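Novice: Can you join these two chains into the complex? Each is in its own frame, and there are hints to help.
Below, each chain spelled out in residue letters.
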Amino acid sequence: MKAALAIPEDAAPADVVARLQAHVDTAQARLRPQPFGLLPALAQLLGEPGLKPGAAYSLDTEGALLQALLAGPSREGHWCGVVGMPAFAVEAAALAGVHLDRLVLVPEPGEQWLAVTAALAEVVPVLAVRPSGRVRDSDAARLGSRLRDRGGVLLVVGPWPRAEARLALGERQWHGLGVGSGHLVSREVQVQVASRRYPAGRRGWLRLPDPDGLVVASEPLRPGLQVVG
Amino acid sequence: MATAEAAAERCLALWFPAWSVTAWALATGGDAEDPVAVVAANRVTACSAAAVAEGVQVGQRRREAQSRCPQLVVLGVDEAIDTREFDPIVAAVERLSPGVQVVRPGLCVVRARGLARYLGDEALAAETLLEAVITETGVDSGRAGVADGVFAAVQAAREADGVRVVPAGSAADFLAPLPITRLGDPVIADLLPRLGVHTIGGFAELTPEQVRDRFGATGVRLHLLASGADPRSVQAREPSPELAMRIDFEPPLTLVDQVAFASRATVAAFIDGLAGAGLACTEVRVEFTGDDDEFFARTWLTPGVFDSVAITDRIRWQLQAAAGVQLHSPITSVRLEPVAVDAAVHHVPGLFGLGPDERVHHAMSRVQAMLGHEGVLTGQVGGGRWLAERQVLVPWGDRPVVSQPADRPWPGQVPAPLPATVFPEPLPVRLLAAGGGGVEVSERGQLNTEPHLISVAGRPQRVVAWAGPWPVSERAWDARRQRQANRFQVADETGVAWLLWQDARGWWAEARYD
Numbered sequence: 643m644k645a646a647l648a649i650p651e652d653a654a655p656a657d658v659v660a661r662l663q664a665h666v667d668t669a670q671a672r673l674r675p676q677p678f679g680l681l682p683a684l685a686q687l688l689g690e691p692g693l694k695p696g697a698a699y700s701l702d703t704e705g706a707l708l709q710a711l712l713a714g715p716s717r718e719g720h721w722c723g724v725v726g727m728p729a730f731a732v733e734a735a736a737l738a739g740v741h742l743d744r745l746v747l748v749p750e751p752g753e754q755w756l757a758v759t760a761a762l763a764e765v766v767p768v769l770a771v772r773p774s775g776r777v778r779d780s781d782a783a784r785l786g787s788r789l790r791d792r793g794g795v796l797l798v799v800g801p802w803p804r805a806e807a808r809l810a811l812g813e814r815q816w817h818g819l820g821v822g823s824g825h826l827v828s829r830e831v832q833v834q835v836a837s838r839r840y841p842a843g844r845r846g847w848l849r850l851p852d853p854d855g856l857v858v859a860s861e862p863l864r865p866g867l868q869v870v871g
Numbered sequence: 080m081a082t083a084e085a086a087a088e089r090c091l092a093l094w095f096p097a098w099s100v101t102a103w104a105l106a107t108g109g110d111a112e113d114p115v116a117v118v119a120a121n122r123v124t125a126c127s128a129a130a131v132a133e134g135v136q137v138g139q140r141r142r143e144a145q146s147r148c149p150q151l152v153v154l155g156v157d158e159a160i161d162t163r164e165f166d167p168i169v170a171a172v173e174r175l176s177p178g179v180q181v182v183r184p185g186l187c188v189v190r191a192r193g194l195a196r197y198l199g200d201e202a203l204a205a206e207t208l209l210e211a212v213i214t215e216t217g218v219d220s221g222r223a224g225v226a227d228g229v230f231a232a233v234q235a236a237r238e239a240d241g242v243r244v245v246p247a248g249s250a251a252d253f254l255a256p257l258p259i260t261r262l263g264d265p266v267i268a269d270l271l272p273r274l275g276v277h278t279i280g281g282f283a284e285l286t287p288e289q290v291r292d293r294f295g296a297t298g299v300r301l302h303l304l305a306s307g308a309d310p311r312s313v314q315a316r317e318p319s320p321e322l323a324m325r326i327d328f329e330p331p332l333t334l335v336d337q338v339a340f341a342s343r344a345t346v347a348a349f350i351d352g353l354a355g356a357g358l359a360c361t362e363v364r365v366e367f368t369g370d371d372d373e374f375f376a377r378t379w380l381t382p383g384v385f386d387s388v389a390i391t392d393r394i395r396w397q398l399q400a401a402a403g404v405q406l407h408s409p410i411t412s413v414r415l416e417p418v419a420v421d422a423a424v425h426h427v428p429g430l431f432g433l434g435p436d437e438r439v440h441h442a443m444s445r446v447q448a449m450l451g452h453e454g455v456l457t458g459q460v461g462g463g464r465w466l467a468e469r470q471v472l473v474p475w476g477d478r479p480v481v482s483q484p485a486d487r488p489w490p491g492q493v494p495a496p497l498p499a500t501v502f503p504e505p506l507p508v509r510l511l512a513a514g515g516g517g518v519e520v521s522e523r524g525q526l527n528t529e530p531h532l533i534s535v536a537g538r539p540q541r542v543v544a545w546a547g548p549w550p551v552s553e554r555a556w557d558a559r560r561q562r563q564a565n566r567f568q569v570a571d572e573t574g575v576a577w578l579l580w581q582d583a584r585g586w587w588a589e590a591r592y593d
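Line by line, the protein sequences give chains A and B.
Letter 41 of the first sequence, counting from 1, is numbered 683 in our numbering, and no numbers are missing.
Letter 466 of the second sequence, counting from 1, is numbered 545 in our numbering, and no numbers are missing.
Bound conformation, chain B alone (with noise of 0.2 Å):
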């Protein structure tokens, strides 16, 4: 180990290939070995082994894939199973080796030393890991590979047929026959094949400026991986500690209020669990397990932290979003989970009294108590062609998720200034004309007469200025979400102007002017 020149680390990888099928069968209980394909992008990203024996294979187009096995299941992409289904693999490694990097879902390294100094053998050490995966997970398609740094040890474990060990210091002859596309960078993957290097030993024979040259200091790095000598090392995941928190009810309760109660000591002591690791909650996910299997699960945000009192409220709030008063099936446990902590240093109440914001937030987080969550809102303005669209109310301590930005042209938006009221459903309208005839807009924007009188509630004005057809027309391309309109602005004789659509269904007014 002695060499003069500083020798990489020794790394142990775990692949788990396909493993965005294999959690997709773990989360929903389907068959793995059934052809299944995950597509993203209208591209194969991964394929069950079945898809594989079928002529499927990554990089694929779908349509190109299902003709080749037409029984092909066809998944989206879900990030978030694909990480919450690969936390039990992490944990059973982590438990015979601490210090898991996890590259992505369904990729793992460790340092190898540990373990093999242990055991006394590399490849022992990586049978034992995958051994423990199997018994803890059942998870049995892992592949281990052991070498000098990071990379390489990826590769081995790509290559293993179970475990693949590099000796050390012969990782560049490991990498030589690979192909190119393994080094994963799509400039150097399409380029170089075109320059008659087809292998990542090809590349490796380059000189340093010769690469730098072409390529910059990510070819420098990349070159640097081709020739065995990886830069860098494990970086150890932070081991969480054990804060979330479950409660069994038994026998399982049925009523909002019985569960809202029940949780209180749990609550607490999950809070309490969080400040004896000094760490305050800033967003926490919520699950329930009904008596029939029944599962919902929903992650709260706060802008503050929550305390106990804050967390039942969501438990309460969820539940009744969830099913009204009475619930679809009793419910047998409760589950909180930490999603996002924070150093509870940043939250401890400043020394003369808290912060005007926090205390904003208090009285925010009561209210919300009298009146749910959705009772108290905060408004931004986005995109859109209508008024009572671009207003985003999102309730306090929610992320406002702003999807259309208003900073685009959105042709057919009401010129200023704005209406001050903004109905947020349409009220009907009538639109007379003067012999008491209804207003129509014919097919090429004209009026078949001038409207005379304006009766909203129930009770007509006589109309004196009025403009428009100005059309509006969204989505015309989409049957179900197309929206055609005419809009007007109508003045009455009382001072008080409107803003009117007319569509298929008939007069509305979207806003008044007052």
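Excised from the complex, chain A in its bound form (with noise of 0.2 Å):
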């Protein structure tokens, strides 16, 4: 530290100021924890460039959008939780990227979910949850003052009081399935974000899933021009 705060004598007050600033933004850097990571198409999305430690994000729906957002933590190495979701597909997520290895389930967590999800969070840093009954606003404090103790996140399913953005899946179409032809091969969907940066909401295409199992940005859907076969 010594060598790190070493000024000349003779430097100038406004100089020694400019440099002491500087010390202090870096230290300050250092102990703000890092956002986790979110695939490119998610972030351009939510204007971030990760999921934010503490915070918790509320979706409209489990399923591939909730995928999507674990898989990038999951990619950093993070562990990821996912708490009261039976039909949680385990596949679906291992394509989507997240890493089973470092993935917990507990499916059935009734009543105690709200007791489950805050034993996991002291360890798990990434964890959704779709709560089993009301969640009451001073649960929900709880929770968050834990999640920001830990520095951890959470994706509801569901409502959630003074979530820090809310995701909803719009208008969303189905492309490579006929009538009694082909196969499902993609889905182009319109996700609306409402945030604390962006409290107005804005909107995103996404394809989601795309034919591999993952997710891209796309182009609004233009009505009357439908891909078949």
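These aren't lab readings, by the way, just hints derived from the structure by calculation.
Keep in mind it's a predicted model, so treat the numbers as computed, not measured.
Warning: the hint list may mix true and false statements.
Unchecked claim - Cβ pair distances, simulated, as ranges:
{"#": "1", "chain 1": "B", "residue 1": "380", "chain 2": "A", "residue 2": "801", "range": "36 to 42 Å"}
{"#": "2", "chain 1": "A", "residue 1": "812", "chain 2": "B", "residue 2": "380", "range": "43 to 49 Å"}
{"#": "3", "chain 1": "B", "residue 1": "329", "chain 2": "A", "residue 2": "753", "range": "36 to 42 Å"}
Unchecked claim - Okay, the calculated bits of chain B under chain A, using three or more residues with CB under 8 Å as the criterion:
{"#": "4", "region": "454-467"}
{"#": "5", "region": "490-500"}
{"#": "6", "region": "582-593"}
Said to hold, decoys possible - Some chain B residues close to chain A (C-beta under 8 Å, calculated; not the full set):
{"#": "7", "residue": "446"}
{"#": "8", "residue": "470"}
{"#": "9", "residue": "544"}
{"#": "10", "residue": "545"}
{"#": "11", "residue": "570"}
{"#": "12", "residue": "574"}
From the three backbone atoms N, C-alpha and C, an ideal C-beta is built for every residue, glycine too.
Specialist: Spelled out as structure tokens, the structure:
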């Protein structure tokens, strides 16, 4: 530390202040927890480089969007937990980029979902939860403070008080499936995001999943044009 | 003894013929005097004396053995029972002569020197060991052989009627008349008789160079055995310290929580005992005995190390799994046995706190204590045609067993992208035609009409796109496990797509694309 703060005796006062300020900034940057990675298409949509540690994100549905959100942190080597979703498809998650050897599932926590989530939040940085009952504000606040303490992030399927962002699927269309022919290949879906950063909300189009089970940004749907076969 | 050649070590082999049969009799209370045969891969591997008297032989086909002896009791191989029942015998031998090497269940070898010197005679030493086995375990089928080297001693035991001592230096003479099959190598046992060599002695007469040219290193080793020069010495088994623990309840306990609570002190002592030996337990076997001689046991694994809380949890889970809250009969005793141990050094927490995965494990264990062992799962992708059977979910801490590998072709599996929601139990679905009638698939895979409405959980939606039927046929040769169905993909007007199947019982949703 001494070496970093070594300032020549004859430096001008303004120079000293500038150097000290720079030093404080780097120290703070080191202390501030790093955001969890997001796949590029989702980062573009949220307008953020990643999921904020200590924050809760609310989704209107489980499924491919949730798996795509888990894939980013999982690729960075973080553990992920999925609580209260007995129909979570492990194989699709693996295709989407979630590492199964760092994934734990608690499919049926029942009434104890809050206690289970709190216990997991101690060690699992990325938790996806479907509450099995109504969420009280006090519960959400208690869990929120634990998340901030541990630097974890919560992805809630359903409403959540004081969520960092709310994601909802809008208009959507499947490609590849005709009438009696073809098979599902990919889906264009509009995602609506209302966040603290964009309170008015913004929309973006994703190809989720794309033919490989991944997620990429896409163009808005043009009505009347449909890919078949 | 002080000859110029390094004389092979004097070994004492104890052989229990048809051990699998004896172990079966000990474990199940069956009668080894009955004609009994143990069969592996359709061949008899061991049979009782009564079966031999009826003409049953080791190596026979099962059908042939049964035709020779219609009342034959046929058993499958159970290595666990063989090993478990052999343990008391090894312990009895170990008490008199430490350093037992168990070749396989039913056959063990010790160094003859110590006991023979003490008693003054090798034959007496062998008799003493057999005697000890009879008094301690009641097994009287044992035979003993003493000779130079492990191989010769084992052969001496097989030739013995009671005890057979082959004097030092005469192992080669003793082995010479024995059939070549005794070497236990199928290639040599098959080839040499066709070349006119029928005995071990004949094989020993070949020059080492000839043997090396034809049979390589394995042949050279066997040639050494045949010449009575066994390079192997007895490799002593590590005697296991008495680490297993048992607690008896008087009076017997009826409630799960009572048992768990009453076991706590014993569990703590069990962990302390392991720690005292410098060991950490990674696999533990928990056995319960009930009042009506009810007995149930299970082996538990953990990715980390068992501590006393974890074992108490396992005791509770095992009881709950066995009987719910109320047991069939009161529990009279609990026994804990470390199945796999590891040096405790490998499990000491790091100097600067626990490693990250260790912390994860602690938290998972806490959640398991809340929800039960099956509450926390880890997933793997296995093989299969149905999405639900492709995901292999095992409780945290258990070893994943993927019985069907994922990398086989599995014709009939769903094309990518895969649905993100797979229902653990299929949902009943109704698929309706425009007129309101049901959609049916003919035996030739033709639809009677186009689907118009899909109704899942009572909410009908208009079908905008669909494809199918894709027939899936599984195990058509097995009447009980066969499964025939037609798969469909259906997208409704809300943009939700479904993976459906249709079988004789109706329409089902296997998964949802959402």
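Novice: Would you mind marking each hint as holding or not holding in the structure?
Specialist: Status of the hints after comparison with the structure:
At roughly 40 Å, the beta-carbon separation of residue 380(B) and residue 801(A) lies within the given 36 to 42 Å, and the hint holds. For the pair residue 812(A) and residue 380(B), the supplied restraint of 43 to 49 Å holds, since their beta-carbon distance comes to about 47 Å. Distance hint for residue 329(B) and residue 753(A): a CB-CB separation of about 38 Å, consistent with the stated range 36 to 42 Å. Counting residues of the region 454-467 of chain B whose CB lies closer than 8 Å to any CB of chain A gives 8, so the stated coverage by that chain holds, three being the minimum.
Residue count for the region 490-500 of chain B with a Cβ under 8 Å from a Cβ of chain A: 7. That meets the three needed, and the coverage hint holds. With 4 residues having a beta carbon nearer than 8 Å to a beta carbon of chain A, the region 582-593 of chain B meets the requirement of three or more and the stated coverage holds. Annotation: residue 446(B) was flagged as interfacial toward chain A, and the flag holds, the nearest CB pair being 5 Å apart, inside 8 Å. Proximity of residue 470(B) to chain A holds as hinted, the smallest CB-CB distance being about 4 Å (cut-off 8 Å).
For residue 544(B), the interface hint holds, the least distance from its beta-carbon to any beta-carbon of chain A being 4 Å, beneath 8 Å. Interface restraint check for residue 545(B): the shortest CB-CB distance to chain A comes to about 6 Å, inside 8 Å, so the restraint holds. For residue 570(B), the interface hint holds, since its Cβ comes within 8 Å of a Cβ in chain A; the closest pair sits about 5 Å apart. Taken as an interface hint, residue 574(B) checks out: its beta carbon lies about 4 Å from the nearest beta carbon of chain A, inside 8 Å.
Of the numbered hints listed earlier, not one is contradicted by the structure.
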